[in-house]
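S.K.: Each chain, letter by letter, is given below.
2 protein chains.
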Amino acid sequence: MFLRIDHIGIACHDLEAKIEQFTTLFELEVVTREVNEEQGVKEAMLRVAGDSYIQLLEPLSADSPVGKFLAKRGEGVHHVAFGVPDVTDAMEVIGSRGVRLLDEQPRHGSMGSSIAFLHPKDVGGMLTELVQAAKP
Amino acid sequence: MFLRIDHIGIACHDLEAKIEQFTTLFELEVVTREVNEEQGVKEAMLRVAGDSYIQLLEPLSADSPVGKFLAKRGEGVHHVAFGVPDVTDAMEVIGSRGVRLLDEQPRHGSMGSSIAFLHPKDVGGMLTELVQAAKP
Numbered sequence: 001m002f003l004r005i006d007h008i009g010i011a012c013h014d015l016e017a018k019i020e021q022f023t024t025l026f027e028l029e030v031v032t033r034e035v036n037e038e039q040g041v042k043e044a045m046l047r048v049a050g051d052s053y054i055q056l057l058e059p060l061s062a063d064s065p066v067g068k069f070l071a072k073r074g075e076g077v078h079h080v081a082f083g084v085p086d087v088t089d090a091m092e093v094i095g096s097r098g099v100r101l102l103d104e105q106p107r108h109g110s111m112g113s114s115i116a117f118l119h120p121k122d123v124g125g126m127l128t129e130l131v132q133a134a135k136p
Numbered sequence: 001m002f003l004r005i006d007h008i009g010i011a012c013h014d015l016e017a018k019i020e021q022f023t024t025l026f027e028l029e030v031v032t033r034e035v036n037e038e039q040g041v042k043e044a045m046l047r048v049a050g051d052s053y054i055q056l057l058e059p060l061s062a063d064s065p066v067g068k069f070l071a072k073r074g075e076g077v078h079h080v081a082f083g084v085p086d087v088t089d090a091m092e093v094i095g096s097r098g099v100r101l102l103d104e105q106p107r108h109g110s111m112g113s114s115i116a117f118l119h120p121k122d123v124g125g126m127l128t129e130l131v132q133a134a135k136p
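So the protein lines, in turn, are chains A and B. Numbered according to my numbering, the first sequence spans residues 1 to 136. Numbered according to my numbering, the second sequence spans residues 1 to 136.
To be clear, the hints were calculated from the coordinates, so they are not data collected in a lab. As the structure is a prediction and not an experimental result, all values here were calculated from the model. The beta-carbon is built from N, C-alpha and C at its ideal position, and this holds for glycine as well. Treat the hints loosely; a few may be bogus.
[Claimed, not checked] Which residues of chain A face chain B? A few of them, derived with a C-beta cut under 8 Å, are:
hint, residue
1, I5
2, F26
3, S52
4, F69
5, V99
6, R100
7, M126
Hey, can you work out the whole structure from these sequences and the hints?
M.R.: Shown next, in the form of structure tokens:
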């Protein structure tokens, strides 16, 4: 079902400062910077290796999901994303096994991907994202 | 520096129940079960793909690091581990860049690996593990 650990999403207060920190500490390359108004974040994808990334997320407002996470938990791991061949198929299969889906249909993710989130309480307390990569 | 996202470590109250849940929901294979007395956990590695895993962690006691994490945060992502070619080299380089190391020298990790942890406050709030895989 899973093709890879696609990315670790990390919530931060200052995207540019965190990009500077992670690229320097771990010699990671910034692949994209994007603003996702729907999710209320500006973000960057830093390649770890192959198709696996660290995603840095800064909220666009305090009342966005990532803004609320930061206020409650502080900076740290916000979600974990797994690559799947087809996000709609994966949502159907996983949903049929009793996991609540936070999205009724796929949304737009980083780098043209299609994504959906699973309820963390149904997946060991981990906010879990399914990612179908954009076609090359 | 990083070869892969090696694993996501997830703290849980009941290892066997969580193994059952994750293998059923996501069709993951259990590669190993181990007890690590030094770290105060019993654990299982579930293969996501290639050399990337979900690591499920149940504390051996309430006063172990994972036991304290569970009491404070509840179940969820405890740490993220990145594969490196040589853990001693990586500790030296990352330490020289101002990150506090939680280990003075490498410790024994899952599946015969050598590991070291970085202070989460110096790495965006993410408890970060470096993993050098065992030689085949």
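S.K.: Determine for every hint whether it applies to the structure shown.
M.R.: These are the hints, each one checked on the structure:
no. : hint : verdict
1   : I5   : holds, 5 Å
2   : F26  : holds, 6 Å
3   : S52  : holds, 5 Å
4   : F69  : violated, 11 Å
5   : V99  : holds, 6 Å
6   : R100 : violated, 12 Å
7   : M126 : holds, 5 Å
Checked against the numbered hints listed earlier, the structure breaks hints 4, 6; every other hint is satisfied.
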